[in-house]
Amino acid sequence: MENLAWGLQMTVLGMGLVFALLGLLWGLLTIVLILDKEPKPPMSEQETHAVAERIAALADDAVGAQVPEPATVNGMPADLVAAILVATMRHKLTLRRQAAPIMRTYWPGSQLFASRWVAAGRTRQNYSWQPRGK
Amino acid sequence: MTMGGKTKKHLEVLREMRSRAVLGGGQKRIDQQHERGKMTARERLALLLDEDSFQEFGALATHNLNAFGLDQHRYPGDGIVTGFGKVSGRRVAVFAQDFTVLGGSFSEVQSQKITRIQDLALDAGIPVIGLNDSGGARIQEGVRSLAAYGEVFVRNVLASGVVPQISVILGPCAGGAVYSPALTDFVIMGGDSCMFLTGPEVIKAVTGEQVSALDLGGADVHMGRSGVAHLATDTEVEAIAMTKLLLSYLPQNNNEDPPQITPEDPANRMDEALNELIPDGENTPYDIRDAIASIFDQDSFLEIQPDFAANAVIGFARLDGYSIGIVANQPCFMSGALNIDASDKIARFIRLCDAFNVPIVTFVDCPGFLPGTGQEYGGVIRHGAKIIYAYCEATVPKISIVTRKAMGGAYVAMGSKQMRNDVTFAWPTAQIAVMGPEGAVRVLFRNEIKNAADPALREKELLEEYREKFFNPYRAADVGQIDEVIEPRETRPRLVRALEVLRTKVQSNPAKKHGLTPI
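These protein sequences, in sequence, are chains B and G.
Take the first sequence: its letter number 55 is residue 55 in my numbering, and every next letter is one higher.
Take the second sequence: its letter number 428 is residue 1428 in my numbering, and every next letter is one higher.
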């Protein structure tokens, strides 16, 4: 029993000494690092962006080879051509719904057909005046 | 000073006056109008009219009154911008009330400016479009502003049925001011506009009832309950776009035809889906708008009053590029039964189409008039008679298609052959009879069913017999009440051909001062 107690005491003392020495060494190294560190001026926002862009460019170069060339139609990006097409179709639909001149069988005010308003009105104008009772 | 110098000075004065007129009630008021999310009168007109087409009249007109400090409030134009312009290349007369000038209050000068363009529009046979945004009569002018209303009203009535008149409500419209839009052919409400005869304050004072302006006369009220408005939009910009759209279905005047656009949808197109539109169940609802969308030119249907009396559908569409007026029962709302509101809605639309040479196509699926004391006490007889009157009076081409039920009085009323209908088609699913099978069998075979060994079985047998004999379009076709029974998918080509024949239809009514519509 005595031997067991002595053994435990020696274990605690030995391990404690080792950990204490390790802690001392860690503290010493930290102090050396702090003392050895060169002062760095803070980076401006512009510099931060430049660094970020450099990193992004590197990343782009790395994956660029895997991305297919963007599709084009007569030298224009296909997405742009598709957007123009959709806008044109919508515009045409609006023009049709509003019966815009370009969508009509003949232009408003066209002289192809006589205005019935004018024809009927001028016919009425030319009725000769009749005195009352005659 | 030389003559040249004098002229230069005159020109400078004119330019200065014009730039003042453009500012209306001043920059501060314009900014306030913008803060409320509203446009000024001139901005609205710029949006409505084709570029560089506006010709203003009376930009410098102003009142000469001094009462109640009015001499301190003289603005060129007096709160209204009037003139002529073009919408999609068509000549129109326009006026726009300017809320930045004394709240757009209606004055004697405003009346003079409006009536001036009304008179010219009536002479030239061109539509009149009014953009309303006014707090009401200018109180300081007293009876002058009230008399001014009358001048506008009488011209509204004289122009009615001669040139299309469209009112766009873009702000408050109260008191006597509501009657001018009510006398016009169409009322379009945009944004948070409202219309009422007596405002919330007066109502609170007289009856104690508390109600907000929008709850009293907002677009929801007039689109859904009162039926005063015909179209509504969330914003002013949409309201103005809607005005252009609506105008595209209407002619310049009662002597001309509406514009025809170059057709792109083939006249012979048949939609197989139409053959499956009518459900097997006799009382199963379907949406008649699906049939309309399929039969008429693609994306051309413009429904009028979609929320008011939804048991009837009215609107404009194009068929082979021509403008058509559509009247239909809506089986998916109240089974398409006719009631007081639906009768008013349909009758007014028929008369409008007739006035402006727009052919009418009617889709019939109506089990009859809605029964009940509420309807009878409300005068459904008188209101229903309006439909009959309108159909009988109309001289434009009229075609009807019986899609399913056409029962009793409703069959007669909804454009039957005797109502001077030109062509009547029926789908094979049509059920044309005096009344439904249950009612008819109980009336005709009451004793037989009562004395049968098994009354329920006998009634079932008789119902089957009645359905087979009368619940189809062939008996009506036998006696010439139906011109042709067609497959639903054939409807479009059949309509195109029928209307091609009827395009030159001329029919006239006996000479009279005017008929006595059952108003």
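Check each hint, because a few of them may be wrong.
[As the list claims (entries may be wrong)] The calculated lysine to aspartate or glutamate pairs, modelled on EDC-like cross-linking and capped at a C-alpha distance of 20 angstroms, are:
hint : chain 1 : residue 1 : chain 2 : residue 2
1    : B       : Lys92     : G       : Glu1264
2    : B       : Lys92     : G       : Asp1265
3    : B       : Lys92     : G       : Asp1299
4    : G       : Lys1417   : G       : Asp1341
5    : B       : Lys92     : G       : Glu1484
[What the hints assert, rightly or not] Derived CB-CB ranges, DEER-like:
hint : chain 1 : residue 1 : chain 2 : residue 2 : range
6    : B       : Ala119    : G       : Ala1310   : 39 to 45 angstroms
7    : B       : Ala119    : G       : Pro1518   : 53 to 59 angstroms
8    : B       : Leu93     : G       : Asp1215   : 45 to 51 angstroms
9    : G       : Asp1031   : B       : Tyr127    : 53 to 59 angstroms
10   : G       : Gly1004   : B       : Gly109    : 35 to 41 angstroms
[Claimed, not checked] A short, non-exhaustive set of chain G residues, derived as facing chain B with CB atoms under 10 angstroms:
hint : residue
11   : Val1087
12   : Gly1089
13   : Leu1302
Just so you know, these hints were derived from the structure itself, not from any lab.
Note that beta-carbon positions come from the ideal geometry of N, C-alpha and C, so glycine has one too.
Status of the hints after comparison with the structure:
Proposed proximity of Lys92 of chain B and Glu1264 of chain G is supported: the alpha carbons are some 12 angstroms apart, at most 20 angstroms. At most 20 angstroms may separate the alpha-carbon atoms for a hinted pair to count; Lys92 of chain B and Asp1265 of chain G meet this at roughly 14 angstroms. Under the criterion of a C-alpha separation no larger than 20 angstroms, the hint pairing Lys92 of chain B with Asp1299 of chain G is consistent with the structure, at around 12 angstroms. As the CA atoms of Lys1417 of chain G and Asp1341 of chain G are separated by approximately 24 angstroms, the hinted pair breaks the 20 angstroms bound.
Restraint check for Lys92 of chain B and Glu1484 of chain G: the C-alpha separation of about 37 angstroms exceeds 20 angstroms, so the hint is violated. Checked against the hint of 39 to 45 angstroms, the C-beta distance between Ala119 of chain B and Ala1310 of chain G comes to roughly 42 angstroms, which is consistent with it. The supplied range of 53 to 59 angstroms is broken by Ala119 of chain B and Pro1518 of chain G, whose beta-carbon atoms lie about 35 angstroms from each other. Take Leu93 of chain B and Asp1215 of chain G: their Cβ atoms lie about 36 angstroms apart, and the range 45 to 51 angstroms is violated.
For Asp1031 of chain G and Tyr127 of chain B, the hinted distance range of 53 to 59 angstroms is satisfied, since their beta carbons lie about 57 angstroms from each other. Distance hint check for Gly1004 of chain G and Gly109 of chain B: the Cβ-Cβ separation is about 39 angstroms, which falls inside the suggested range of 35 to 41 angstroms. Checking Val1087 of chain G against chain B by beta carbon gives a least distance of about 8 angstroms; that is within 10 angstroms, so the hint holds. Below 10 angstroms, beta-carbon pairs count as interface contacts, and Gly1089 of chain G has one with chain B at about 4 angstroms; its hint therefore holds.
Using the Cβ-Cβ criterion of 10 angstroms, the hint placing Leu1302 of chain G at the interface with chain B is satisfied: the shortest such distance is roughly 8 angstroms.
Hint check: violations occur at hints 4, 5, 7, 8; the rest are consistent with the structure.
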